[in-house]
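With chain A held as given, fit chain B onto it using these hints.
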Amino acid sequence: MPTYKLSYFEGQGLGEVSRQLLHLSETPFEDDRISQEDWPKRKDSMPFAKLPVLFVDGKPLPQSLAIARYLANQFGFAGKTPFESAWVDALGDQFKDYFSEMVPYFMALGGDNEEEKSRLQLEVAEPAINKFFSILEKRAKDNGSNGHFVGDSLTWIDIHISDHMGVGEKYFPNAYAAFPTVLALREGTVSLPKLKEWIEKRPVTPY
Amino acid sequence: FPNSMPTYKLTYFDTQGFAEVSRQLFILSDTPFEDNRIRYTESPFGKMPVLEVDGQPLSQSFAIARFLANKFGYAGRTEWEQAWVDALGDQFKDYLNEFLPFFRIAFGTANGDLEEMRKSEGEPIRDKFFGFLEKQAKSNGSNGFLVGDSLTWIDLVVADHMGVVEFHLPRFLDSFPEVQRVRRQVIETPKIKEWLERRPKRQY
Chain A
1 MPTYKLSYFE GQGLGEVSRQ LLHLSETPFE DDRISQEDWP KRKDSMPFAK LPVLFVDGKP
61 LPQSLAIARY LANQFGFAGK TPFESAWVDA LGDQFKDYFS EMVPYFMALG GDNEEEKSRL
121 QLEVAEPAIN KFFSILEKRA KDNGSNGHFV GDSLTWIDIH ISDHMGVGEK YFPNAYAAFP
181 TVLALREGTV SLPKLKEWIE KRPVTPY
Chain B
1 FPNSMPTYKL TYFDTQGFAE VSRQLFILSD TPFEDNRIRY TESPFGKMPV LEVDGQPLSQ
61 SFAIARFLAN KFGYAGRTEW EQAWVDALGD QFKDYLNEFL PFFRIAFGTA NGDLEEMRKS
121 EGEPIRDKFF GFLEKQAKSN GSNGFLVGDS LTWIDLVVAD HMGVVEFHLP RFLDSFPEVQ
181 RVRRQVIETP KIKEWLERRP KRQY
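Which chain is which? The protein sequence lines are A and B, in order. Heads up, the first sequence is in UniProt numbering, so the first residue is 1 and it goes up one at a time. Heads up, the second sequence is in UniProt numbering, so the first residue is 1 and it goes up one at a time.
Isolated chain A, as found in the complex:
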């Protein structure tokens, strides 16, 4: 078995999906959590000066979705057919687009200007969430409301979205109330025994 090290910041963010893939598959790995203080020293050792980076036998692979897809392919969480895998990828890329739109709101959450947070929640977060989660809701329904976005088994997009929702709700309670099929999908995902166990014991972080 190769040795795995996942380097990311101390939060869930864009790295947690890959941590969860490793936990779900019971694959030992070094969960290398880099603090903000240490990041400047570590930056130059990362291929694109960003995190996360996965090291497999010491060789680096950057970019969160490339890492998630690579691990999902290793462990069987990438979809059962090429077309299913492509749909998982498409939802992953749509998540990235949504995430980019949310950045001004996330930045405000990291500060202490409460007016700014409220304003951006209304002007940025709500429209972006409505747009993306409407797509997800339809997708989950069209897929048969079977607890998965694609096909009939767990894929990395189920894991990634479910985790993101947990972070979102910390700052924006009931953010996803209008999306019941997606909420049910999330409940199913985080209740999986190996994930539930990890979620209970993982470090609690702001994001």
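Some hints could be false.
To be verified - Derived pair list, reagent style PhoX-like, types lysine-lysine, alpha-carbon separation capped at 25 Å: (1) A:K194 - A:K170; (2) A:K96 - A:K138; (3) A:K96 - B:K128; (4) A:K50 - B:K135; (5) A:K41 - B:K135; (6) A:K141 - A:K131; (7) B:K93 - A:K59; (8) B:K138 - A:K43; (9) A:K131 - A:K96; (10) B:K47 - A:K50; (11) B:K93 - B:K201; (12) B:K191 - B:K71; (13) A:K131 - B:K201; (14) A:K59 - B:K201; (15) A:K141 - B:K47; (16) B:K93 - A:K96.
What the hints assert, rightly or not - Chain B stretches covered by chain A per the calculated footprint, using a threshold of three residues with CB under 8 Å from any CB of chain A: (17) 66-74; (18) 153-162.
Quick caveat, the hints were computed from the structure, so don't treat them as lab data. Where a beta carbon is used, it is the ideal one built from N, C-alpha and C, also for glycine.
Just chain B now, with coordinates in the frame of chain A:
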């Protein structure tokens, strides 16, 4: 899907943009496809391109490109190579998001001080990303490919983008010889060369 070849329809604007890589994958593999160029269509995510495979839609340009590349053999030869192709693709997207505000001024769809933006944004953003590409091309063996020893979809994406950039900003990418080597490899590949001669000529 049935064993006979599926029917493919690729719907996008009448430009290169985010669909060109997929058009080129069809061309390279001699796979017939309907090159549907329109202004708008219903699509799963409300955006284009959309690929229909036997009528079933798929959204997101890179999900489409990777699907076709996997089918036709342009995704990378090993899982690790494929992952690196993916990583470079996503890094390209991040770069493009940063680069577009300046680039839109260069191709005339936004207002601004071109020279000032070029110095403050265009050049540093270019240098960061093309620096990564130059390093990657070198560490890959300066063999004219970004990953592995054969053409992958990231070579097509980068080569096409370079063509668009140089059309509007001549010589802007001159300082990246290994990446220029990748680009030459792509545009001299016979089926691509022939396609570039006959495709609709568009500004981006």
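Enumerated hints in conflict with the structure, sorted upward: The structure breaks hints 10, 13, 14, 18; every other hint is satisfied.
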